[in-house]
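All chains, please: the whole structure from these sequences, using the hints.
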Amino acid sequence: MAAYESSIREPLIRGEKNYKQITTDIVRSTEGVPPLSWWLATGVAGTFAIIYILCVGYTLWEGIGVWGLNKTVGWAWDITNFVWWVGIGHAGTLISAVLLLFRQKWRTGINRAAEAMTIFAVICAGQFPLIHMGRLWLGFFIFPAPNSRGPVWVNFNSPLLWDVFAISTYLTVSLLFWYSGLLPDFGTIRDRAKSKWRKAVYNTLSWGWTGSAKHWQRFESLSLVLAGLSTPLVLSVHTIVSFDFATSVIPGWHTTIFPPYFVAGAIFSGFAMVLTLMLIARKTLKLEEYITIAHVESMNKIILLTGSIVGIAYITELFMAWYSGVMYEQYAFYNRALGPYWWAYWSMMTCNVISPQFFWFKKLRRNLYVTFILSITVNIGMWFERFVIIVTSLHRDYLTSSWTYFNPTWVDVMLFVGTLGVFFTLFLLFSRSFPVIAIAEVKSIFKTSSEVAKKKQAERLQRGEDDSRVLDDDHGHEHH
Amino acid sequence: MEKFIVGLYNDEEILLKAVKKVRASGIKIHDVRTPFPVHGLDAAMGMKDSRLHTVGFIAGACGATFALSFISWVTVVDYPTNFGGKPFFSLPSYIPITFEFTVLSAAITMTVAFFIRCGLSVVKAPRIFDERTTDDMFAVIFEVDEHTSNDDLDKINNVLSETGAAEIKQKEFGGK
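Chains as they are written, first to last, in the working numbering: chain C, 1 to 480; chain Y, 1 to 176.
It is worth saying that the hints were derived from the structure and are not from the lab.
Nothing false has been slipped in among the hints.
Across the chosen pairs, the derived CB separations fall in these ranges:
id, chain 1, residue 1, chain 2, residue 2, range
1, C, 455, Y, 170, 33 to 43 Å
2, C, 148, Y, 69, 19 to 29 Å
3, Y, 76, C, 362, 52 to 62 Å
4, Y, 169, C, 464, 37 to 47 Å
5, C, 328, Y, 69, 32 to 42 Å
6, C, 62, Y, 69, 38 to 48 Å
7, Y, 172, C, 104, 37 to 47 Å
8, Y, 170, C, 280, 39 to 49 Å
9, C, 232, Y, 54, 13 to 23 Å
10, Y, 49, C, 330, 58 to 68 Å
11, C, 148, Y, 76, 18 to 28 Å
12, Y, 54, C, 404, 56 to 66 Å
13, Y, 69, C, 40, 53 to 63 Å
14, C, 195, Y, 171, 15 to 25 Å
C-beta atoms are modelled at their ideal positions from N, C-alpha and C, and glycine is treated no differently.
Okay, here's the thing in structure tokens:
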């Protein structure tokens, strides 16, 4: 790969940096005692995590009758939360895998935290199908294990089983990708550590990483193949989640547009969550020079693109309902927009279709306050999208006497808020013990994309020197 | 007791030139340690390509074969179930799980192979020649023993200082 990059392209590492400074800046957040604000945030998030555990206990003890479900709406907040969290969990792997294959250098500043976020989001997602089983201890029934029940096998033709495989594979592969990428950075922390126990802990975490040239060669081979595997994987996961709905014969669900529509929505919400977290993290951990406005703008462009895809999908759905000539399909969409759940539908439309359009303006894309507010708006909208798809299609079913309105109970609400607590607790713990930015990867783009390198390059140009120099000296020697 | 000479460089471009020059002078390099992957270093050291991706391919192929044959066996032989008169062997609905299992097998096997081939371990203490090689220094390491002549030692020291090493030091590991 030629390392040449135009001198007018915005730098991705700002300030007067060198390799040592990069290490110091990033490792700093894992050293010393966290500030009061961290303890407060962790205290609040941890409290909600405990409430979550209590609510799970209550649900399992009493049965899922404590939720607002009824015989018409047998799936509501639980599946909404599941799909929402899985969707959020799409950004990390997209950033680290797809952007790696596309050689996008801005990936290096955010991939570590985004991958961590992905893993935590998938953990939260996985909770809901499990607790919805009611009898959690029989959860292993979902795996095709040899058994004494016949043997009765799981139904391999069911998209719900495909989901089991998709989510568990996704969690495992993301975890492997993330952890193998962390090894060198744990090694860096170990070698800086002063105290003996800190050295021992980080040596264990790094599996004795040394940075030997042969290890780096294998490391790069591993991350490239894992990226290649993760790319179709990340697209398959939400495709399969959408099959849960698309393969059923419920008006509003039975559409072939679902897989691409769900995948775009997942990337949309995932990037929004990455932005929400990164805007806080870059400020509190003083990483503004590594997660720059250029990074924020790039992510906002992806939000604009995927948000617009989602918008087109909504409109296509409406058009197809009308054009199909099927009255049940037409009613499903009429009921969505103008029925008792109109407020949810229009919240979704406003948050997901209208709000990202502000990002057509460069000024707004680069404004941190606007970005922060919109990133939260988008995730509110994406929650409503799943709620609208699920509940509006179910609440008025084939038998008018069964028509009903779904109301959540406090347990429904606290389970959802509780997973937010779990998610933020995990992320806060991560931000103080793990390197939040991939140190080795940021160093590897230093010679091409840092402010220091850009300045040198500009000076060379001013002196009228040839700018076609490439970092890899192999080419330099052979061709001149 | 094993003895090593360690040449430390503070820039990857200088390191790359140095490694080429050392190789050209015919001295055997024990190892090179860098804080991040240096592009072109493996070629400069004359290293063979990693075969890790082959491991991934084989594991993936095995995973695909296993998943497809297992699902077929369950649905056709062991527990055939009639779903609306559809054929027992319904390939399209086997694809998602087969795909997921292929990816899972390849990823797990490759990662495990990576750990084993690199000898990474949580119990074994790693040999660290200089703690700065995971920070901002790049080390070229030579092994020396009682058979290494003074001429050879001079040659190593000369080539290191000629190529711009910021620091040259000796490192010993006891035991064995």
